[in-house]
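Required output: the full structure, derived from the provided sequences and hints.
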Amino acid sequence: MRQASVPCRFGHDVLMLYAVIPAGGSGTRLWPLSRAGHPKFLHPLTGSTRSLLQATVDRLAPLTTPERTLVVTGAAHVAAVARQLTGLPEENILVEPSPRDSCAAIALAAAVIAERDPDAVMGSFAADHLIGQPDRWADTVREAVRGAERGLLMTVGITPTRAETGYGYLETGDPVDGGPLRPVAEFKEKPEATVAEAYLRSGRHLWNASMFVWRVDVFLAELARQQPALHAGITAIAAAWGTPEQDDVLGTVWPTLPKISVDYAVMEGAATAGRVATVPGDFGWNDVGDFHTLGEVLPADGRGNVVLGGETKPGVLLHDTDDMVVVAQSGRLVAALGVRDLIVVDTHDAVLVCPRDRAQDVKKLVDELKERGEEGHV
1 MRQASVPCRF
11 GHDVLMLYAV
21 IPAGGSGTRL
31 WPLSRAGHPK
41 FLHPLTGSTR
51 SLLQATVDRL
61 APLTTPERTL
71 VVTGAAHVAA
81 VARQLTGLPE
91 ENILVEPSPR
101 DSCAAIALAA
111 AVIAERDPDA
121 VMGSFAADHL
131 IGQPDRWADT
141 VREAVRGAER
151 GLLMTVGITP
161 TRAETGYGYL
171 ETGDPVDGGP
181 LRPVAEFKEK
191 PEATVAEAYL
201 RSGRHLWNAS
211 MFVWRVDVFL
221 AELARQQPAL
231 HAGITAIAAA
241 WGTPEQDDVL
251 GTVWPTLPKI
261 SVDYAVMEGA
271 ATAGRVATVP
281 GDFGWNDVGD
291 FHTLGEVLPA
301 DGRGNVVLGG
311 ETKPGVLLHD
321 TDDMVVVAQS
331 GRLVAALGVR
341 DLIVVDTHDA
351 VLVCPRDRAQ
361 DVKKLVDELK
371 ERGEEGHV
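This note's numbering applies: residue 1 is where the sequence shown begins, and numbers increase by one.
Restraint-style ranges between C-beta atoms, simulated for each label pair:
1. Gly-166 with Thr-49: 25 to 31 Å
2. Ala-273 with Asp-135: 29 to 35 Å
3. Ser-330 with Asp-367: 21 to 27 Å
Source of the hints: derived by calculation from the structure; they are not laboratory data. For clarity, every value in this text was computed on a predicted model and none was experimentally measured. Don't be surprised by glycine CBs; every beta carbon is placed ideally from N, CA and C.
And the structure:
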(Lines of atoms letter the chains of each structure in order from A and count residues from 1; the text may use other names and numbers.)
(Lines give C-alpha, C1' and ligand atoms only; values in the text may rest on other atoms or scores of the structure.)
Protein backbone atom coordinates (compact mmCIF):
# COMPACT_ATOMS: atom_id res chain seq x y z
CA MET A 1 0.00 0.00 0.00
CA ARG A 2 1.27 3.44 -0.93
CA GLN A 3 -1.03 5.27 1.46
CA ALA A 4 -1.23 5.09 5.22
CA SER A 5 -4.27 5.86 7.35
CA VAL A 6 -4.15 8.34 10.19
CA PRO A 7 -6.61 8.97 13.03
CA CYS A 8 -9.05 11.79 12.38
CA ARG A 9 -10.44 14.11 15.02
CA PHE A 10 -13.91 12.88 14.00
CA GLY A 11 -12.97 9.34 15.01
CA HIS A 12 -12.68 7.92 11.51
CA ASP A 13 -9.72 6.42 9.70
CA VAL A 14 -8.70 8.97 7.10
CA LEU A 15 -7.06 7.79 3.89
CA MET A 16 -4.22 10.05 2.88
CA LEU A 17 -6.24 10.92 -0.20
CA TYR A 18 -6.21 14.27 -1.95
CA ALA A 19 -9.77 15.22 -2.83
CA VAL A 20 -10.45 17.57 -5.74
CA ILE A 21 -13.86 19.18 -6.18
CA PRO A 22 -14.48 20.74 -9.60
CA ALA A 23 -17.05 23.48 -8.95
CA GLY A 24 -18.15 24.99 -12.23
CA GLY A 25 -21.13 25.23 -14.55
CA SER A 26 -24.33 27.18 -14.10
CA GLY A 27 -26.97 24.43 -13.88
CA THR A 28 -29.20 25.90 -16.58
CA ARG A 29 -31.98 23.35 -16.03
CA LEU A 30 -32.35 24.75 -12.50
CA TRP A 31 -32.96 28.31 -13.72
CA PRO A 32 -33.99 30.80 -12.35
CA LEU A 33 -32.64 29.50 -9.04
CA SER A 34 -29.24 28.57 -10.45
CA ARG A 35 -27.49 31.39 -12.30
CA ALA A 36 -24.07 31.91 -13.84
CA GLY A 37 -23.09 34.08 -10.88
CA HIS A 38 -24.61 31.78 -8.24
CA PRO A 39 -24.71 28.23 -9.64
CA LYS A 40 -26.48 25.21 -8.20
CA PHE A 41 -23.57 23.90 -6.13
CA LEU A 42 -23.81 27.00 -3.91
CA HIS A 43 -27.51 26.37 -3.14
CA PRO A 44 -28.96 24.26 -0.29
CA LEU A 45 -30.60 21.62 -2.47
CA THR A 46 -29.80 18.83 -0.02
CA GLY A 47 -32.91 18.85 2.16
CA SER A 48 -30.90 20.71 4.82
CA THR A 49 -29.27 24.11 5.22
CA ARG A 50 -26.01 22.79 3.70
CA SER A 51 -25.27 23.63 0.09
CA LEU A 52 -24.39 20.90 -2.40
CA LEU A 53 -20.75 22.05 -2.18
CA GLN A 54 -20.73 21.92 1.61
CA ALA A 55 -22.37 18.47 1.56
CA THR A 56 -19.62 17.27 -0.81
CA VAL A 57 -16.93 18.39 1.64
CA ASP A 58 -18.87 16.88 4.57
CA ARG A 59 -18.95 13.40 3.06
CA LEU A 60 -15.22 13.58 2.28
CA ALA A 61 -14.41 13.95 5.99
CA PRO A 62 -13.89 10.18 6.58
CA LEU A 63 -11.52 10.01 3.60
CA THR A 64 -9.29 13.06 3.80
CA THR A 65 -8.59 16.33 5.61
CA PRO A 66 -9.24 19.99 4.77
CA GLU A 67 -5.51 20.41 4.06
CA ARG A 68 -5.80 17.74 1.34
CA THR A 69 -9.08 19.02 -0.13
CA LEU A 70 -8.91 21.33 -3.16
CA VAL A 71 -11.70 23.14 -5.01
CA VAL A 72 -11.28 24.29 -8.60
CA THR A 73 -13.69 27.08 -9.44
CA GLY A 74 -14.15 30.19 -11.56
CA ALA A 75 -13.09 33.68 -10.54
CA ALA A 76 -16.74 34.74 -10.12
CA HIS A 77 -17.34 32.07 -7.46
CA VAL A 78 -14.17 32.26 -5.37
CA ALA A 79 -15.59 34.55 -2.68
CA ALA A 80 -18.76 32.49 -2.25
CA VAL A 81 -16.80 29.22 -2.12
CA ALA A 82 -14.47 30.67 0.52
CA ARG A 83 -17.44 31.87 2.60
CA GLN A 84 -19.05 28.44 2.50
CA LEU A 85 -15.83 26.49 3.17
CA THR A 86 -14.19 28.44 5.98
CA GLY A 87 -12.20 25.38 7.11
CA LEU A 88 -10.40 25.05 3.79
CA PRO A 89 -6.94 26.65 3.45
CA GLU A 90 -7.09 29.65 1.15
CA GLU A 91 -4.39 28.21 -1.12
CA ASN A 92 -6.56 25.13 -1.73
CA ILE A 93 -9.09 27.12 -3.77
CA LEU A 94 -7.68 27.00 -7.29
CA VAL A 95 -9.04 29.68 -9.61
CA GLU A 96 -9.49 29.02 -13.32
CA PRO A 97 -9.61 32.34 -15.22
CA SER A 98 -12.17 31.03 -17.72
CA PRO A 99 -14.05 27.76 -18.27
CA ARG A 100 -11.96 25.24 -20.25
CA ASP A 101 -14.13 22.17 -19.48
CA SER A 102 -13.31 19.43 -16.98
CA CYS A 103 -9.93 18.18 -18.22
CA ALA A 104 -8.08 21.45 -17.72
CA ALA A 105 -9.63 21.96 -14.26
CA ILE A 106 -8.89 18.44 -13.05
CA ALA A 107 -5.42 18.38 -14.62
CA LEU A 108 -4.53 21.68 -12.94
CA ALA A 109 -5.40 20.21 -9.55
CA ALA A 110 -3.48 17.01 -10.32
CA ALA A 111 -0.38 18.95 -11.35
CA VAL A 112 -0.52 21.23 -8.29
CA ILE A 113 -0.88 18.17 -6.04
CA ALA A 114 2.03 16.48 -7.82
CA GLU A 115 4.22 19.48 -7.02
CA ARG A 116 3.37 19.00 -3.34
CA ASP A 117 3.35 15.19 -3.24
CA PRO A 118 4.49 13.30 -6.37
CA ASP A 119 3.22 9.93 -5.04
CA ALA A 120 -0.25 11.19 -4.14
CA VAL A 121 -3.54 9.49 -4.90
CA MET A 122 -6.30 11.95 -5.75
CA GLY A 123 -10.02 11.65 -6.23
CA SER A 124 -12.20 14.03 -8.26
CA PHE A 125 -15.78 14.47 -7.07
CA ALA A 126 -18.23 16.99 -8.55
CA ALA A 127 -19.57 19.73 -6.29
CA ASP A 128 -23.20 19.34 -7.33
CA HIS A 129 -24.14 15.70 -6.66
CA LEU A 130 -26.45 14.32 -3.99
CA ILE A 131 -25.46 11.11 -2.20
CA GLY A 132 -28.17 9.42 -0.16
CA GLN A 133 -25.87 7.00 1.72
CA PRO A 134 -22.52 8.73 2.38
CA ASP A 135 -21.04 5.79 4.33
CA ARG A 136 -21.58 3.38 1.43
CA TRP A 137 -20.18 5.99 -0.94
CA ALA A 138 -17.03 6.30 1.20
CA ASP A 139 -16.59 2.52 1.20
CA THR A 140 -16.83 2.49 -2.60
CA VAL A 141 -14.21 5.24 -2.87
CA ARG A 142 -11.89 3.24 -0.60
CA GLU A 143 -12.13 0.34 -3.05
CA ALA A 144 -11.34 2.72 -5.91
CA VAL A 145 -8.26 3.94 -4.03
CA ARG A 146 -7.01 0.34 -3.86
CA GLY A 147 -7.32 0.10 -7.63
CA ALA A 148 -5.54 3.43 -8.08
CA GLU A 149 -2.64 2.21 -5.94
CA ARG A 150 -2.19 -0.58 -8.50
CA GLY A 151 -1.66 2.03 -11.21
CA LEU A 152 -5.17 1.99 -12.69
CA LEU A 153 -7.20 5.04 -13.63
CA MET A 154 -10.32 4.40 -11.59
CA THR A 155 -13.91 5.53 -11.97
CA VAL A 156 -16.82 5.06 -9.62
CA GLY A 157 -19.68 3.66 -11.69
CA ILE A 158 -23.29 3.75 -10.55
CA THR A 159 -25.35 0.56 -10.66
CA PRO A 160 -28.27 1.61 -12.90
CA THR A 161 -31.79 1.42 -11.52
CA ARG A 162 -33.61 2.27 -14.76
CA ALA A 163 -33.02 2.63 -18.49
CA GLU A 164 -31.80 6.21 -18.24
CA THR A 165 -31.17 8.10 -21.49
CA GLY A 166 -29.73 11.20 -19.82
CA TYR A 167 -26.49 9.63 -18.56
CA GLY A 168 -23.40 8.22 -20.22
CA TYR A 169 -22.49 4.61 -19.45
CA LEU A 170 -19.42 2.48 -18.73
CA GLU A 171 -19.22 -0.91 -20.45
CA THR A 172 -17.41 -3.22 -18.05
CA GLY A 173 -15.70 -6.61 -18.19
CA ASP A 174 -15.59 -9.44 -15.67
CA PRO A 175 -14.68 -8.65 -12.04
CA VAL A 176 -10.94 -8.77 -11.31
CA ASP A 177 -9.91 -11.68 -9.04
CA GLY A 178 -13.46 -12.01 -7.79
CA GLY A 179 -13.35 -8.54 -6.20
CA PRO A 180 -15.35 -5.38 -6.83
CA LEU A 181 -13.00 -3.98 -9.51
CA ARG A 182 -14.08 -4.36 -13.12
CA PRO A 183 -12.13 -3.29 -16.19
CA VAL A 184 -13.79 -0.58 -18.27
CA ALA A 185 -13.89 -1.65 -21.91
CA GLU A 186 -15.54 1.46 -23.30
CA PHE A 187 -17.20 4.75 -22.40
CA LYS A 188 -20.66 4.98 -23.98
CA GLU A 189 -22.51 8.15 -24.98
CA LYS A 190 -26.03 8.92 -23.75
CA PRO A 191 -28.11 6.20 -25.42
CA GLU A 192 -31.47 6.02 -27.13
CA ALA A 193 -34.23 4.42 -25.05
CA THR A 194 -33.96 0.96 -26.67
CA VAL A 195 -30.19 0.94 -26.19
CA ALA A 196 -30.57 2.04 -22.56
CA GLU A 197 -32.95 -0.89 -22.01
CA ALA A 198 -30.35 -3.27 -23.43
CA TYR A 199 -27.67 -1.75 -21.18
CA LEU A 200 -29.88 -2.23 -18.12
CA ARG A 201 -30.53 -5.90 -18.99
CA SER A 202 -26.86 -6.65 -19.73
CA GLY A 203 -25.61 -6.27 -16.17
CA ARG A 204 -22.31 -5.03 -17.66
CA HIS A 205 -23.14 -1.33 -17.93
CA LEU A 206 -22.89 1.30 -15.21
CA TRP A 207 -23.84 4.96 -15.21
CA ASN A 208 -20.84 7.24 -15.65
CA ALA A 209 -20.97 9.66 -12.70
CA SER A 210 -17.65 11.35 -13.54
CA MET A 211 -16.06 10.39 -10.22
CA PHE A 212 -12.40 9.53 -10.69
CA VAL A 213 -9.58 8.20 -8.48
CA TRP A 214 -5.94 7.80 -9.60
CA ARG A 215 -2.31 8.35 -8.74
CA VAL A 216 -1.39 11.81 -9.96
CA ASP A 217 1.75 10.53 -11.69
CA VAL A 218 -0.26 7.91 -13.61
CA PHE A 219 -2.90 10.42 -14.68
CA LEU A 220 -0.37 13.06 -15.76
CA ALA A 221 1.59 10.46 -17.74
CA GLU A 222 -1.59 9.44 -19.55
CA LEU A 223 -2.44 13.10 -20.16
CA ALA A 224 1.02 13.60 -21.69
CA ARG A 225 0.51 10.55 -23.93
CA GLN A 226 -2.87 11.62 -25.27
CA GLN A 227 -2.91 15.42 -24.86
CA PRO A 228 0.72 16.60 -24.98
CA ALA A 229 -0.14 20.28 -25.54
CA LEU A 230 -2.56 20.37 -22.62
CA HIS A 231 -0.05 18.55 -20.43
CA ALA A 232 2.71 20.99 -21.32
CA GLY A 233 0.52 23.99 -20.51
CA ILE A 234 -0.70 22.57 -17.21
CA THR A 235 2.84 21.60 -16.20
CA ALA A 236 4.04 25.16 -16.83
CA ILE A 237 1.18 26.61 -14.77
CA ALA A 238 1.76 24.19 -11.88
CA ALA A 239 5.50 24.94 -11.82
CA ALA A 240 4.69 28.63 -11.30
CA TRP A 241 1.89 28.00 -8.80
CA GLY A 242 2.44 29.83 -5.53
CA THR A 243 5.27 31.95 -6.97
CA PRO A 244 5.23 35.63 -7.99
CA GLU A 245 4.97 34.47 -11.62
CA GLN A 246 1.74 32.52 -11.07
CA ASP A 247 -0.72 35.11 -12.37
CA ASP A 248 1.35 35.95 -15.44
CA VAL A 249 1.84 32.31 -16.42
CA LEU A 250 -1.78 31.43 -15.71
CA GLY A 251 -3.06 34.40 -17.70
CA THR A 252 -0.81 33.59 -20.66
CA VAL A 253 -1.13 29.80 -20.81
CA TRP A 254 -4.67 29.07 -19.62
CA PRO A 255 -6.50 30.59 -22.63
CA THR A 256 -4.43 28.39 -24.97
CA LEU A 257 -5.58 25.12 -23.35
CA PRO A 258 -8.11 23.05 -25.32
CA LYS A 259 -11.71 22.96 -24.11
CA ILE A 260 -12.31 19.25 -23.63
CA SER A 261 -13.77 16.97 -20.99
CA VAL A 262 -11.56 14.55 -19.10
CA ASP A 263 -13.63 11.67 -20.47
CA TYR A 264 -12.85 12.57 -24.09
CA ALA A 265 -9.32 13.78 -23.45
CA VAL A 266 -7.99 10.92 -21.33
CA MET A 267 -10.38 8.29 -20.06
CA GLU A 268 -11.77 6.95 -23.34
CA GLY A 269 -8.31 6.43 -24.82
CA ALA A 270 -7.01 4.98 -21.58
CA ALA A 271 -9.90 2.51 -21.50
CA THR A 272 -9.03 1.36 -25.02
CA ALA A 273 -5.47 0.78 -23.77
CA GLY A 274 -6.73 -1.31 -20.83
CA ARG A 275 -5.78 1.23 -18.17
CA VAL A 276 -9.21 2.04 -16.69
CA ALA A 277 -11.23 0.14 -14.11
CA THR A 278 -14.34 0.88 -12.09
CA VAL A 279 -15.98 0.01 -8.80
CA PRO A 280 -19.79 -0.30 -8.98
CA GLY A 281 -21.58 1.84 -6.44
CA ASP A 282 -25.10 1.79 -5.06
CA PHE A 283 -25.41 4.66 -2.60
CA GLY A 284 -28.34 6.83 -3.69
CA TRP A 285 -26.49 8.95 -6.24
CA ASN A 286 -28.22 11.79 -8.06
CA ASP A 287 -26.78 14.64 -10.11
CA VAL A 288 -29.71 17.00 -9.40
CA GLY A 289 -30.04 17.87 -13.04
CA ASP A 290 -33.46 19.54 -12.96
CA PHE A 291 -36.38 20.46 -10.70
CA HIS A 292 -38.33 17.27 -11.42
CA THR A 293 -35.38 15.20 -10.19
CA LEU A 294 -35.12 17.41 -7.12
CA GLY A 295 -38.75 16.64 -6.39
CA GLU A 296 -38.02 12.91 -6.57
CA VAL A 297 -35.08 12.87 -4.16
CA LEU A 298 -36.04 15.41 -1.47
CA PRO A 299 -38.59 14.75 1.31
CA ALA A 300 -42.21 15.44 0.30
CA ASP A 301 -45.42 16.01 2.23
CA GLY A 302 -48.27 13.50 2.28
CA ARG A 303 -49.44 14.58 -1.17
CA GLY A 304 -46.04 14.49 -2.81
CA ASN A 305 -45.34 18.24 -2.67
CA VAL A 306 -41.71 19.30 -2.20
CA VAL A 307 -41.08 22.83 -0.92
CA LEU A 308 -37.69 24.55 -0.75
CA GLY A 309 -37.39 27.92 0.96
CA GLY A 310 -40.29 29.93 2.32
CA GLU A 311 -39.50 28.92 5.89
CA THR A 312 -40.48 32.33 7.24
CA LYS A 313 -43.74 34.18 6.68
CA PRO A 314 -45.40 34.80 4.30
CA GLY A 315 -43.89 31.51 3.02
CA VAL A 316 -45.70 28.98 0.83
CA LEU A 317 -49.42 28.18 0.84
CA LEU A 318 -50.56 25.04 -0.96
CA HIS A 319 -54.21 23.99 -1.03
CA ASP A 320 -55.47 20.85 -2.76
CA THR A 321 -52.22 20.36 -4.69
CA ASP A 322 -50.29 17.20 -5.53
CA ASP A 323 -46.73 16.39 -6.64
CA MET A 324 -45.64 20.02 -6.82
CA VAL A 325 -42.06 21.31 -6.65
CA VAL A 326 -42.10 24.81 -5.18
CA VAL A 327 -38.96 26.89 -4.63
CA ALA A 328 -39.61 30.16 -2.78
CA GLN A 329 -36.65 32.54 -2.74
CA SER A 330 -38.16 36.01 -3.17
CA GLY A 331 -39.69 36.61 0.25
CA ARG A 332 -43.13 36.90 -1.33
CA LEU A 333 -46.03 34.60 -0.53
CA VAL A 334 -46.20 31.76 -3.08
CA ALA A 335 -49.69 30.20 -3.24
CA ALA A 336 -51.11 27.42 -5.39
CA LEU A 337 -54.63 25.96 -5.52
CA GLY A 338 -56.05 22.86 -7.18
CA VAL A 339 -53.04 22.04 -9.39
CA ARG A 340 -50.64 19.13 -9.68
CA ASP A 341 -47.36 18.10 -11.28
CA LEU A 342 -46.08 21.66 -11.63
CA ILE A 343 -42.78 23.37 -10.91
CA VAL A 344 -43.01 26.87 -9.43
CA VAL A 345 -39.80 28.78 -8.78
CA ASP A 346 -40.03 32.32 -7.40
CA THR A 347 -36.83 34.39 -7.20
CA HIS A 348 -36.21 38.10 -6.73
CA ASP A 349 -36.30 38.87 -10.46
CA ALA A 350 -37.90 35.92 -12.24
CA VAL A 351 -40.73 33.40 -11.85
CA LEU A 352 -40.79 29.98 -13.54
CA VAL A 353 -43.94 27.87 -13.96
CA CYS A 354 -43.82 24.66 -15.96
CA PRO A 355 -45.07 21.05 -15.90
CA ARG A 356 -42.74 18.64 -14.14
CA ASP A 357 -42.45 16.52 -17.28
CA ARG A 358 -40.97 19.54 -19.11
CA ALA A 359 -38.24 20.14 -16.51
CA GLN A 360 -35.47 19.22 -18.94
CA ASP A 361 -36.64 21.96 -21.32
CA VAL A 362 -35.94 24.80 -18.86
CA LYS A 363 -32.54 25.10 -20.50
CA LYS A 364 -34.32 26.30 -23.66
CA LEU A 365 -35.53 29.37 -21.77
CA VAL A 366 -31.97 30.17 -20.73
CA ASP A 367 -30.79 29.77 -24.33
CA GLU A 368 -33.53 32.13 -25.53
CA LEU A 369 -32.68 34.73 -22.89
CA LYS A 370 -29.07 34.64 -24.08
CA GLU A 371 -30.21 35.09 -27.68
CA ARG A 372 -32.26 38.11 -26.58
CA GLY A 373 -29.20 39.58 -24.88
CA GLU A 374 -30.76 39.39 -21.41
CA GLU A 375 -27.60 38.14 -19.73
CA GLY A 376 -28.66 39.76 -16.46
CA HIS A 377 -31.34 37.09 -16.08
CA VAL A 378 -29.04 34.12 -16.64
